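Colleague: The primary structure of each chain is shown beneath.
2 protein chains.
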Amino acid sequence: MAFQIIKHFCVPLAAKEPCIVVRGGASHLSLNYDKVMSALELIAKESYKLLKLKLPSTDAVEETIKFLEENPIFNCGCQSILNDPRNGQVENHASIMEGKNMKFGCVSSIDSSKHPISVARAIMERSLGSCFLVGTSALRFAEKCRVPTVHGRRMFLDISNACKKTLDTKCDCPVGELGKPSDADGCEQVDWKKCHGGVGVVAMDEYGNMAAGASCSALVGKTEAGISGEHLIGSGVYAKNTKGAVSVSGNCSQLISLCAACRLMKAKDQSAAWNILQYFSHFSDDAFGAIYINREGRIGVYTLKGQMPWYVIKGSGIRCGDYLPGCYSGFT
Amino acid sequence: MAFQIIKHFCVPLAAKEPCIVVRGGASHLSLNYDKVMSALELIAKESYKLLKLKLPSTDAVEETIKFLEENPIFNCGCQSILNDPRNGQVENHASIMEGKNMKFGCVSSIDSSKHPISVARAIMERSLGSCFLVGTSALRFAEKCRVPTVHGRRMFLDISNACKKTLDTKCDCPVGELGKPSDADGCEQVDWKKCHGGVGVVAMDEYGNMAAGASCSALVGKTEAGISGEHLIGSGVYAKNTKGAVSVSGNCSQLISLCAACRLMKAKDQSAAWNILQYFSHFSDDAFGAIYINREGRIGVYTLKGQMPWYVIKGSGIRCGDYLPGCYSGFT
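These protein sequence lines are chains A and B, in that order. Each residue of the first sequence is one higher than the one before, starting from 9 at the first, in our numbering. Each residue of the second sequence is one higher than the one before, starting from 9 at the first, in our numbering.
Treat the hints as calculated values from the structure; they're not laboratory data. These numbers were taken from a predicted model, which means no experiment stands behind them. Don't take each hint at face value.
In this list, chains with the same sequence are indistinguishable; a pair is considered to hold if it fits within one copy or across any two.
Claimed, not checked - Lysine to aspartate or glutamate pairs mimicking EDC-like chemistry, simulated, CA-CA at most 20 Å apart: (1) Lys24 with Glu214; (2) Lys108 with Asp293; (3) Lys111 with Asp293; (4) Lys53 with Asp67; (5) Lys53 with Glu78; (6) Lys111 with Asp294; (7) Lys108 with Glu133.
Isolated chain A (complex conformation):
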């Protein structure tokens, strides 16, 4: 199976210097490049400030994803695409994992939480049973933990009133059509069929504590309203202080069947990580992308095909890029 290598690099930086890597895969970059990259820059800088204020990496990851969830250009949180145009329902998924003790919280298919990542965090911190809650059970738990909801209404309609009219006219779309209107009044002029998935963040604080998290929504270009593997622990997200922290983007089924994040986490160096990603490519023609920080604080950003805008801050070093040929910027 042929595959195109767009970019691959790994940056050695001093250990114990706090660092954060953000990936946002929300939109067709040829249309939204500047907007996505400036959003990532702003968010990464705000997040890095938190790390420099000695906040634990887990807090930094949660706060960063909250910023991303609030930004309409990313397909997560309030501004997600719909899982099914007939129902007009948001379907959010999020997870967070901290590397110190391998604790995690994971939530799938919730529709009225302002910040799905905060539900995942509450599950991680406060659940006495399963740390993977779904749907109404998860929302009930979120309510118990007083995680804010969006007035109990469907988020999309609540937040994006400007899009409501278009949504109504699309109410007889078959399942499998995209939920987010592409050219409504007040909506972004985005080709959603070319959009990528949700967002992911990995961070290390000055104590060497790792954390990883992801937040995403209905699959773009979906044929069924399934969940994305990007937020599943072991598939898309993994953190362990003795190894590092990783967030992987890609085809849901491939991420899961390959246990992609868990496998990538075991890479001992840049070359091993790259080999693993190449191994993944034998199973799929779809894109894979990964951001990670290893235990020495070395940062890696990898993709096989596709686009994955990213932003890295460590000390005075700032790097960013995406993988759309022709508008890549970064360091090699």
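Fit chain B to the supplied structure of chain A, relying on the hints for placement.
Modeller: Structure of chain B alone, referenced to chain A:
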């Protein structure tokens, strides 16, 4: 951290002889030992006949789990415990994976399918998008695929009418109490707090094709209505022809954070598998149990603490046992 080793063994058997291993962790064996073991025997024998009739291992796994889901003694399918006594709702989870191509189907939190494993199978075979569907999205897909439902009503009330009265009297139970009544008229005299999770099956057909599957319901002894990790690909279920097939039982969060099934799958031999299971024990005082068939057709059944009734058939060899001290039977 101290842990008690109850049993451990691995049985070398000739390759390419079809084989099946069934685990059922449904009830407190001191009360139900004979019932559980005779149900497992009956089901394993029926399933083995299917393999001898040259059915692919994936079909055998699905059919076996259907038998288990129909049996009221196991906590899966129709006779599951409730996720929350106030709502009286069943919350089923199931998955199936075939080792030939690493395809899988996974479903979480559905409440009105007669056979959750068949929904997972339909997802594996027919979904063009995500292979992990949840809740209403999953049920909509199941309906499209004509997988039978239980009259669209909540299963528990539909199937176990005898228990309804007790359920009603328990309707003000706090979240976290057990849903299945313990001593109602017509119900089993079972101490559900001592019950284990759902069921798992691994099989190899005469072509050496591997398959693994699991079906489970709300957590027994739960404090929140979370999902079990036993049905998640990579955590509880994994199959790959070049390695084998595995089904792991244990604490949900530990299964997920350790990527238990995926990790156990990499064991090259009996001793390696045992070392991995011992490694798991460092992270939890809870029980772990695993059944697997490796690519040479060697069968392994392992537990650390706890009970896990199991049944193995390969050729003329039949083995069975559980891990309740004092009533163990099997081979060493």
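Colleague: Hint by hint, say whether it matches the structure.
Modeller: Hint check results:
no. : hint               : in the structure
1   : Lys24 with Glu214  : within (5 Å within a copy, 54 Å between copies)
2   : Lys108 with Asp293 : between (35 Å within a copy, 18 Å between copies)
3   : Lys111 with Asp293 : between (33 Å within a copy, 15 Å between copies)
4   : Lys53 with Asp67   : within (15 Å within a copy, 53 Å between copies)
5   : Lys53 with Glu78   : within (16 Å within a copy, 56 Å between copies)
6   : Lys111 with Asp294 : between (30 Å within a copy, 16 Å between copies)
7   : Lys108 with Glu133 : within (13 Å within a copy, 39 Å between copies)
Violated hints for the displayed structure: none, as all numbered hints are satisfied.
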